[in-house]
Each structure stands twice: as C-alpha cells, then as structure tokens.
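Listed in order, the protein sequences are those of chains A and B. Under this note's numbering, the letters of the first sequence match residues 35 to 334, in that order. Under this note's numbering, the letters of the second sequence match residues 242 to 346, in that order.
No lab work stands behind these hints: they were computed from the structure. Be aware that one or more of the hints could be misleading.
[As the list claims (entries may be wrong)] If you want a taste of the chain A side facing chain B, the calculated C-beta under 8 Å gives, among others:
{"id": "1", "residue": "Tyr130"}
{"id": "2", "residue": "Ala141"}
{"id": "3", "residue": "Thr144"}
Only a predicted model underlies this, so the values are computations on that prediction, with no experimental measurement involved. Note that beta-carbon positions come from the ideal geometry of N, C-alpha and C, so glycine has one too.
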Amino acid sequence: MEMNVGELARRSLELGTGAALTLSVLGVPAGWPFVGKMYVHQYHPQAFFDGAETWLAVHDDVVAARLNVEALVDEVAVTSWRSEDDRAFQRRMDAYLADLRGIEIRAVVTAIVLYTAGAALVAMVLFQFLVAVALAAVALWVLTAAVTPLSLAGARLLARQCLVKLFEGYQAVESLLHRLLHGCAAALSATVVVDVGVEAARGDYSGLNDVAAATFAQGPMLVWGMANRIERDLTAHGLGGRHPGSGLWSSSRAGAPLPNGLPQLAGGKAVNDIMTGSQTITGRYVPVQAADGSYTFPWE
Amino acid sequence: MGIDAPAGPHEVEIERSRLREIRSRLPEAVRPLDNVLPSLVALTVAESAFTSFTYSLALAYNEVEAFIMTEVRRRVEDTVRIQDGMTASITTWQDAEHASSVTWR
Numbered sequence: 035m036e037m038n039v040g041e042l043a044r045r046s047l048e049l050g051t052g053a054a055l056t057l058s059v060l061g062v063p064a065g066w067p068f069v070g071k072m073y074v075h076q077y078h079p080q081a082f083f084d085g086a087e088t089w090l091a092v093h094d095d096v097v098a099a100r101l102n103v104e105a106l107v108d109e110v111a112v113t114s115w116r117s118e119d120d121r122a123f124q125r126r127m128d129a130y131l132a133d134l135r136g137i138e139i140r141a142v143v144t145a146i147v148l149y150t151a152g153a154a155l156v157a158m159v160l161f162q163f164l165v166a167v168a169l170a171a172v173a174l175w176v177l178t179a180a181v182t183p184l185s186l187a188g189a190r191l192l193a194r195q196c197l198v199k200l201f202e203g204y205q206a207v208e209s210l211l212h213r214l215l216h217g218c219a220a221a222l223s224a225t226v227v228v229d230v231g232v233e234a235a236r237g238d239y240s241g242l243n244d245v246a247a248a249t250f251a252q253g254p255m256l257v258w259g260m261a262n263r264i265e266r267d268l269t270a271h272g273l274g275g276r277h278p279g280s281g282l283w284s285s286s287r288a289g290a291p292l293p294n295g296l297p298q299l300a301g302g303k304a305v306n307d308i309m310t311g312s313q314t315i316t317g318r319y320v321p322v323q324a325a326d327g328s329y330t331f332p333w334e
Numbered sequence: 242m243g244i245d246a247p248a249g250p251h252e253v254e255i256e257r258s259r260l261r262e263i264r265s266r267l268p269e270a271v272r273p274l275d276n277v278l279p280s281l282v283a284l285t286v287a288e289s290a291f292t293s294f295t296y297s298l299a300l301a302y303n304e305v306e307a308f309i310m311t312e313v314r315r316r317v318e319d320t321v322r323i324q325d326g327m328t329a330s331i332t333t334w335q336d337a338e339h340a341s342s343v344t345w346r
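Taking the hints into account, I'd like the entire structure generated from these sequences.
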C-alpha cells in the first residue's frame, strides 16, 4: 500500500501542476500556491509504518532479554550466596531490569507515535489528491469557458473565488496536520525527558549524559535535515512566484512577485526533485548511519 | 537442611559451580539486545521525517532513536560488568573458603 501513497502524492503534484499551468495560461494564476504546498507535502509514509513495526520488534527483543535475565536472577536468589556481594548483585540487577523496562516503554510509545504520524501523512496525501482533482476540475471548467460562448471573464472571476476558498481549506487542514505532528513530537520528547528528569532529580545524571551523547551523535543528521529543509522551503517559495509573507523567509517585499526567471528555475528544480524522488542538492548527501547509531558527515 | 546452612565443603562447591554456570549463561540471556541496534540503523524514519514539513517531529524522533541506542549499548556493557563482578565475588568466596578451611585445620 505504501509505495502507492508516495506515488499518489507525486501524481497529485503532477495533476495539480498541470491544472495550475492551464489556469495561469487562461489568466487565473491563483493555482500556483497549491503547487508550492503540494511540493512541500510529498511524503513517504511507508518509512513510518516500517519504523513502527521495527520499534515493536525492538520492544519484543528487550522483553525477551529481560525475561531471560529475570529467570537467571531468580536462580541466583535460591543459591546460598548470602553476602554483601549477593545484595550488591541484587541491587544492580534490579536497576538493570528497571532500565530494560524503560526501554520497552519508550519503544512502544515510539511505535505508536510513528504509526499515528504515518496515518496522518497518508490522510494528507489523500486530501491533496482531492485538492488536485478539484484544481483540475476548475481548470477544465475555465478552459471550457474559453473555447465556448460562455463568458471567460465571469469564469475567471468565479474560478479565482473558488480557488481562494479552496486554499483557505487547504491551510486549515495543513495547520491541523502540523498540530498533530507537533503533538507526536511532544509525545516522543516526553518519553526521553520525563524519565531523565526524574532520574536527574534523584541525583542520577547518567541519563542526562546519554541525552547529550545522543544529541552529539546525530549532529550530521541535524545539519543535513536543516539544509534539506531550507532547500525545500526555498523551492516551494520559488514555485509560489512571490516573496513569502510569513515564516522564516518573510521580507518587506512580502507578496511582491519574484524576479523573472526564478519561479521557472524553481519549477525546473522541483520537476527534477520529483523525478528523482529526492531533493536535487541535499538529496544525495544523506548522512550514513554507523552501526553504533552515530552519523558521519558526508565528507568524512 | 536449609539453604542457609550448607552442610559441608562439598555443597558449597556445588553452589559455586551453579553460580559460575549462571554467570556463563548471562551473555546468552541478553543476546536479543544484539538485534536492536542493527534493526534501528536500518530504518529510514530519520530521513523521511526531516523531509516532512514538521521539523519538530524529525528532531524528536532523532533524539529518541539516538537516546535508546545509547541506552541499549550501555545495557550490553553493563552485562559484561555484572559478569566481571560475579567472577570477582565467586573467586573471593572460593578464596575465603580455602582460607577458612586452612585456619580451621
């Protein structure tokens, strides 16, 4: 099913781009903002579903290890190893088993969050497909008006109003998705922070060190993610054909048309992104993850 | 005869060898943990999450993934340390037995 979702997102973008192109030729440029949005919302939810499955398997592996160790500890308890060493051993094993349980809980939460996020992305892709179909219908209608005795001016006006309403709807859905994914992110962060916070309050800073180590280990991925995000945003803004009015890239010239040629350049680049399935510039530099989970920079 | 009071040197020897045997089974017991790191490294969630428009999800996921990998690695190291601890105390126990039997005679 997954392959089809990424595919559907791509098809929607193609359909939407065709419709927006037709509309702008017919004097209704209001279709372009959709293309920029659709370009941003190209997802591969399968990675999330695969991830959810893997995290559940991780949970099972950790449970298996914990049950094995618990059985061993019980066997030790019936030996006559009665001493300070024995008590130290029991304390140590209790802490060890508690840590394994912590990993189990986090693995399940992560699996649930990934599944939820994946489902939300699928919903977004389906929604975009509907929007693309609506765009195509509007384009077809204006085209019909252009080649028949119907009033083209009236058709343009109606189409513009229709697209503005549709875009409002799109933005509402987008902000819903944003909030949902943000909630997912909060849930994930909580699984790390809450526990580490409790431990640190008790004076055990080893968890805190692990968080720091984890953050450093993923450095290259953060750098790449940032670069990828910038490339994607700029491309989307180029496709929109106007200076962005909000967000990181807003400027005093918000809403003013971009210099001639830039939107076309962005369009060509976007086409290449879609054809190759990754960002033209940053796409080929995805950091490689080492077997221990850390990342290396592409030039290392 | 309760477990508290081993009857003689022979039974103590049995308990020691049992402890040794338990220790030797510890690596096998935590073997499932070895699957965790490779399966997480094989995932492409990190890349996919960064290309989605909600940046916070990508950040949070990467943090969790890296954190749990560190945790799992640490638990595997712990197992080795626990084993070493058991070895040391079995040896101490044995030495104490020998020492006490010498003084007792």
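_Hint compliance check: list the failing hint numbers for this structure, sorted ascending._
Hint check: nothing fails, all pass.
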